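Q: Residue numbers (UniProt numbering), protein chains in the order written: chain B, 1 to 362; chain U, 1 to 362; chain V, 1 to 362; chain Z, 1 to 362.
Note that these hints are calculated values from the structure, not bench results.
Remember, predicted model here, so these are calculated numbers, not experimental data.
Glycine included, every Cβ here is placed at the ideal spot set by N, Cα and C.
A portion of the hints provided could be inaccurate.
Facing chain U, a subset of chain B residues (Cβ under 8 Å, in silico) [what the hints assert, rightly or not]: (1) Arg65; (2) His174; (3) Val282.
Number of protein chains: 4
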Amino acid sequence: MKKLAVLTGGGDAPGLNAVIRAVVKTAILRYNCEVLGVRNGFDGFVDEGGIFPLTLGDVRGILPRGGTILGAANRGNPFARKVMRDGVEVVEDTSQRVIERIQSLNLDALIVIGGDGTLRIALKLYQQLSVPVIGVPKTIDNDINGTDFTFGFDTALNTAMEAIDRLHTTAESHHRVMILELMGRDAGYIALYAGIAGGADVILIPEIPFHIESVCAKIQDRVAAGAFFSIIAVAEGAHPAGGERVYRMEGDQVFLPRLGGIGQQVAEALAASCGVETRVTVLGHLQRGGSPTAFDRVLCTRMGGAAVRLAAASRFGRMVALRGGEVVDVSLEEALARPRRVSLDSDLIQTAREMGISLGDE
Amino acid sequence: MKKLAVLTGGGDAPGLNAVIRAVVKTAILRYNCEVLGVRNGFDGFVDEGGIFPLTLGDVRGILPRGGTILGAANRGNPFARKVMRDGVEVVEDTSQRVIERIQSLNLDALIVIGGDGTLRIALKLYQQLSVPVIGVPKTIDNDINGTDFTFGFDTALNTAMEAIDRLHTTAESHHRVMILELMGRDAGYIALYAGIAGGADVILIPEIPFHIESVCAKIQDRVAAGAFFSIIAVAEGAHPAGGERVYRMEGDQVFLPRLGGIGQQVAEALAASCGVETRVTVLGHLQRGGSPTAFDRVLCTRMGGAAVRLAAASRFGRMVALRGGEVVDVSLEEALARPRRVSLDSDLIQTAREMGISLGDE
Amino acid sequence: MKKLAVLTGGGDAPGLNAVIRAVVKTAILRYNCEVLGVRNGFDGFVDEGGIFPLTLGDVRGILPRGGTILGAANRGNPFARKVMRDGVEVVEDTSQRVIERIQSLNLDALIVIGGDGTLRIALKLYQQLSVPVIGVPKTIDNDINGTDFTFGFDTALNTAMEAIDRLHTTAESHHRVMILELMGRDAGYIALYAGIAGGADVILIPEIPFHIESVCAKIQDRVAAGAFFSIIAVAEGAHPAGGERVYRMEGDQVFLPRLGGIGQQVAEALAASCGVETRVTVLGHLQRGGSPTAFDRVLCTRMGGAAVRLAAASRFGRMVALRGGEVVDVSLEEALARPRRVSLDSDLIQTAREMGISLGDE
Amino acid sequence: MKKLAVLTGGGDAPGLNAVIRAVVKTAILRYNCEVLGVRNGFDGFVDEGGIFPLTLGDVRGILPRGGTILGAANRGNPFARKVMRDGVEVVEDTSQRVIERIQSLNLDALIVIGGDGTLRIALKLYQQLSVPVIGVPKTIDNDINGTDFTFGFDTALNTAMEAIDRLHTTAESHHRVMILELMGRDAGYIALYAGIAGGADVILIPEIPFHIESVCAKIQDRVAAGAFFSIIAVAEGAHPAGGERVYRMEGDQVFLPRLGGIGQQVAEALAASCGVETRVTVLGHLQRGGSPTAFDRVLCTRMGGAAVRLAAASRFGRMVALRGGEVVDVSLEEALARPRRVSLDSDLIQTAREMGISLGDE
């Protein structure tokens with residue numbers, strides 16, 4: 001192995017830099033292998049100046065830092081790249097140029113650090129065009145199969161939990177219903193874990209469509225028991241059962257979904273149906289930032305090192321993974337075969353219910 | 001001094017419990033004076049069970065905790081208390097009942113911990129009805145005169161700064177304009193301090209009406225200089241110059257202010273006028289929660305102790321205050337004579353500009 | 001299941017209260033089962049007032065708090081309890097009194113939350129005296145087999161990593177060798193994980209006896225490469241190869257081991273052999289305190305719930321465990337059969353070496 | 001003003017980089033003035049490569065980072081510089097070379113960021129050799145007069161307070177006396193503030209010589225009142241009244257001061273005189289590291305800007321200072337005329353006593 005390249009794709013996640021550092025250090029220190037950085041995801045293969053050498057000096061001090069020194073396009077897809085042509089946005093297949101670039105660079109391996117979307121592109125490049133890819137599963141949503149945890153999740157989770165901790169005292173002292181909207185469009189891991197860790201009273205996740213009446217009942221039960229406050233953790237992808245919208249038009253009052261997320265919608269619905277005073281916090285991109293936790297930093301460092309070892313062993317089309325405390329590897333195809341969601345049979349769900357947490361479905 | 005009472009009013013602020021603890025410890029340990037707690041602000045004087053003894057045991061372990069063990073009504077005003085009568089909300093003057101309760105309890109002093117609104121009520125009780133009040137200035141907004149800092153501000157500020165820190169890496173790696181909406185309806189201290197501390201590129205505060213074009217220009221200047229991201233800290237009370245709304249109706253697209261705060265409005269306006277991609281985070285009540293910082297805990301402890309000493313000296317109608325590192329006292333009347341706002345002549349404003357931060361008015 | 005008791009034993013670990021809370025909530029809410037708390041470990045079975053009812057109210061608000069509301073003797077061993085008799089400390093077997101108490105209380109199960117020592121006592125009570133015990137593995141050292149992680153470890157690890165982060169800037173700016181002594185008498189997990197997470201240059205753990213010359217060489221290599229500082233993470237149980245002491249007498253200068261731990265010894269040895277200026281920080285009990293991380297809080301909550309379910313299923317002599325992201329159970333006997341140490345074949349060790357970290361044995 | 005230089009001297013303090021950044025930004029953006037960095041304190045004027053240009057790019061992203069990008073010798077004193085000559089360390093006066101360098105560089109001003117020692121050198125350079133210096137007061141110990149607070153103190157204080165918070169739960173659950181040794185050789189601000197903020201039971205500072213019997217009595221009073229634990233915050237410079245050492249030789253047991261600091265000595269003395277079990281944590285350099293708090297970041301930014309404005313106004317021999325919430329300037333001579341110590345008449349001391357905290361002198 002003489003030369004490998006590394007890129008990061010998709011949304012930000014704490015630990016990207018830690019993986020990059022581990023890739024560079026392992027490649028250079030152990031394999032004496034040259035490393036190239038690819039700027040802004042797959043776009044770097046096409047853009048001018050998109051490829052540049054990465055040295056030990058470049059990765060010095062980046063272990064504790066959020067973000068990515070490589071930059072990240074939002075899943076810039078070489079098979080369907082959006083470009084402006086004569087002032088009009090068109091979609092073109094640039095995969096051939098990616099291949100050519102990879103060949104002209106004499107790359108022995110391409111390490112792709114990304115979430116579901118980015119890894120699917122990597123798999124396609126591997127399967128259709130024989131690009132020697134190795135995947136590293138990144139997503140704060142923890143929604144990739146084949147690994148106990150993706151990196152970035154633990155940090156996002158702690159950020160979310162600390163937010164619930166902060167809301168607790170105010171809720172308690174001031175008799176409020178506090179709603180915290182968390183990330184998780186399709187998978188509710190952040191809301192579920194953070195809700196359990198923070199002692200939320202209600203947790204709403206995409207995997208379990210909710211009834212607003214059920215949420216309302218929980219709040220009223222608590223009031224009846226002398227607890228004049230409640231904390232609701234809601235994943236952005238949570239939605240009511242039956243597909244109806246949470247919000248309604250009332251007289252001339254319109255609640256536009258564009259401006260208000262599900263947190264705001266739940267707040268409005270609770271105000272209307274329960275008559276409780278609510279406050280909404282949308283944590284948003286705070287969950288993507290910050291210095292990674294120890295768990296994430298160690299995971300990233302192990303995964304980065306393991307990815308280089310896989311490359312050295314020419315085990316392409318594989319993804320590094322954490323299984324039972326050990327870092328192993330799995331087939332990218334297998335990992336991506338189906339989306340990962342919170343299992344309703346998990347002891348996590350059972351635990352949440354036993355803690356008296358409402359999941360909005362009783 | 002045989003007996004004093006203490007109450008907390010208004011919105012939550014980190015350090016309320018630290019003040020209560022200091023009041024109780026100083027009163028009992030130094031003055032051998034009985035302390036009563038008043039529940040939910042001034043309402044406790046009227047509600048059943050609203051007055052109860054506070055012992056050393058009650059304040060054990062509360063120093064690091066957010067919230068208030070006394071509970072806090074939202075400025076329940078005894079001069080104009082909202083009550084339900086025959087299903088209708090009416091306003092009644094309950095101040096006489098407060099006086100009678102204070103007299104029947106033989107209170108030597110009433111320590112009122114609150115913000116502008118609560119302290120005004122305290123002042124009125126003192127001036128009009130000779131209630132022996134001592135004030136302790138609490139507000140995360142830092143908008144009370146006569147004291148270098150109110151308590152709660154330092155903690156809120158650090159929470160806001162950490163949010164900016166988190167947004168920085170994502171903004172930088174992903175070429176985004178990140179907007180963080182912070183508290184501050186009339187005074188922009190949190191946004192100004194946190195913006196300087198976090199290295200924001202634009203800070204919008206109520207004291208300086210902004211031009212969206214000016215914000216846009218700053219972002220474009222940065223792009224021209226190779227910085228493809230920007231961080232905007234905006235106080236909730238910031239508003240455009242000329243009084244016009246930031247948002248507009250465009251065709252059939254309505255941006256309702258009720259659902260979107262100023263952060264969302266700035267985002268929409270920037271998308272429309274600059275064509276940049278933005279992400280909004282509304283920090284909301286997170287700024288009111290959490291364990292107080294060292295600065296706030298020490299300030300609260302000193303202020304609580306000083307309030308009791310003032311009471312023992314029968315110096316009523318006074319407010320404890322921090323001046324140049326020492327805790328002193330000022331007249332409540334003087335402190336509340338005019339609202340406190342960010343001074344445009346302050347070296348803080350000058351510093352912000354020298355750091356290259358746009359305040360939206362150039 | 002009508003009645004169960006819960007106790008915590010051994011040194012402090014973040015998350016004890018979270019387990020207690022989960023036990024109480026699951027037992028009462030799901031099984032309508034009474035819960036008794038045992039004060040100060042097994043001593044509570046013998047001491048007056050050592051057994052008391054635990055209600056939902058008792059566990060309210062304790063999820064985020066360090067420590068244990070039950071108190072913890074230091075592995076007070078009922079088989080060999082130290083008591084004062086006529087002013088002399090004698091050891092007596094009080095196990096029979098424990099049994100009698102358990103029988104007289106009509107306990108259906110005893111949930112024992114503890115580390116290696118406490119769980120061994122639980123196992124003996126189960127095997128020799130048929131006490132219906134369920135174990136929950138607690139130790140910041142992560143040195144119990146059968147579970148991917150014990151609770152408390154993740155929090156301790158983050159505390160240790162943050163300490164390394166803090167030392168980094170000073171080391172770098174001031175050209176110092178910073179030594180951080182961490183917990184880990186027999187197992188080096190904290191030092192190894194925290195060292196990797198914090199980017200330490202040298203990590204010394206009990207499992208790998210070190211040569212001071214090797215440490216010295218690493219520091220000098222770094223200086224030669226222009227890095228005039230180094231960070232050394234050392235587990236308290238680390239020791240030099242060959243069994244010799246690190247410190248020596250030099251002339252009339254004595255380095256007493258009683259006052260100086262291994263961190264201080266390494267510092268002295270490096271000063272003597274390398275001539276470098278060092279600073280030592282002993283993190284000590286800071287690693288046992290603080291609010292648990294999200295990982296630990298979720299793990300504790302799941303483990304507490306699972307322990308009650310095991311009790312309800314009369315699966316005594318078992319320990320709850322985390323395996324590959326799921327909470328399962330294992331035999332206490334099996335888990336305690338041999339001590340858990342850092343495996344030298346682990347990818348963690350390989351990763352550390354690939355990151356260029358010296359383990360003191362090259 | 002065409003050209004100014006900036007240097008940092010003495011021990012590390014959080015916020016050094018924030019000051020450097022503010023100096024560079026203000027000088028370039030407002031005054032269009034060139035800025036030179038001086039490496040490793042005054043040594044940079046003599047060492048090869050010790051002077052280099054500082055650009056806006058050099059200070060990008062350093063606001064939140066601990067340490068100093070300039071490096072810092074330990075008060076390398078140009079009037080008495082230690083150098084190796086023929087293998088022997090000799091002291092030489094290099095002040096003339098500093099002057100020559102300053103003249104040859106055509107420096108209009110030299111901004112010196114440092115503590116008591118570094119600022120004294122700056123004052124001497126100003127008074128004796130007319131070097132155009134401006135001082136910025138840096139020290140985590142807060143021991144410089146003329147300013148309400150030095151920068152670095154607030155961050156160190158929060159680090160110390162968090163340590164006390166962590167120790168609290170363990171102390172409480174495990175019935176221990178926890179001793180935390182904090183920085184403060186001559187001034188006890190960190191221990192006093194952190195002790196009040198963290199709710200310590202005993203605070204020992206250099207300004208108040210202590211009696212170990214007094215500390216012992218406090219611990220026993222607490223035990224008598226049912227509190228079987230205590231927290232002691234001790235400044236490294238605290239010492240017993242009468243000048244005797246805390247530790248003693250007992251039989252053949254020697255307690256060497258070289259290895260054990262005052263924390264360890266107090267622990268031994270308490271074990272001997274009270275028979276209590278203690279645990280000692282020496283926080284050490286952790287207090288100098290970490291990302292600065294909001295207070296420190298804002299203070300640093302204001303002070304850096306103000307220093308450049310002073311330079312532009314040719315107000316040399318002055319030091320920037322915080323007074324009552326405003327950044328002003330004072331004479332270096334006046335500020336350094338006498339050392340700053342905790343005033344025994346301060347309301348802080350009174351507050352500590354009223355909280356029931358023992359200062360070891362009753």
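Q: Are the hints correct? Go through all of them and say.
A: Here is how each hint holds up against the structure:
Below 8 Å, beta-carbon pairs count as interface contacts, and B/Arg65 has one with chain U at about 6 Å; its hint therefore holds. The interface hint given for B/His174 is met, as the beta carbon of that residue sits about 6 Å from the closest beta carbon of chain U, less than 8 Å. Interface hint at B/Val282: satisfied, since its Cβ lies 5 Å from the closest Cβ of chain U, which is below the 8 Å cut-off.
The structure is consistent with each of the numbered hints, conforming to all of them.
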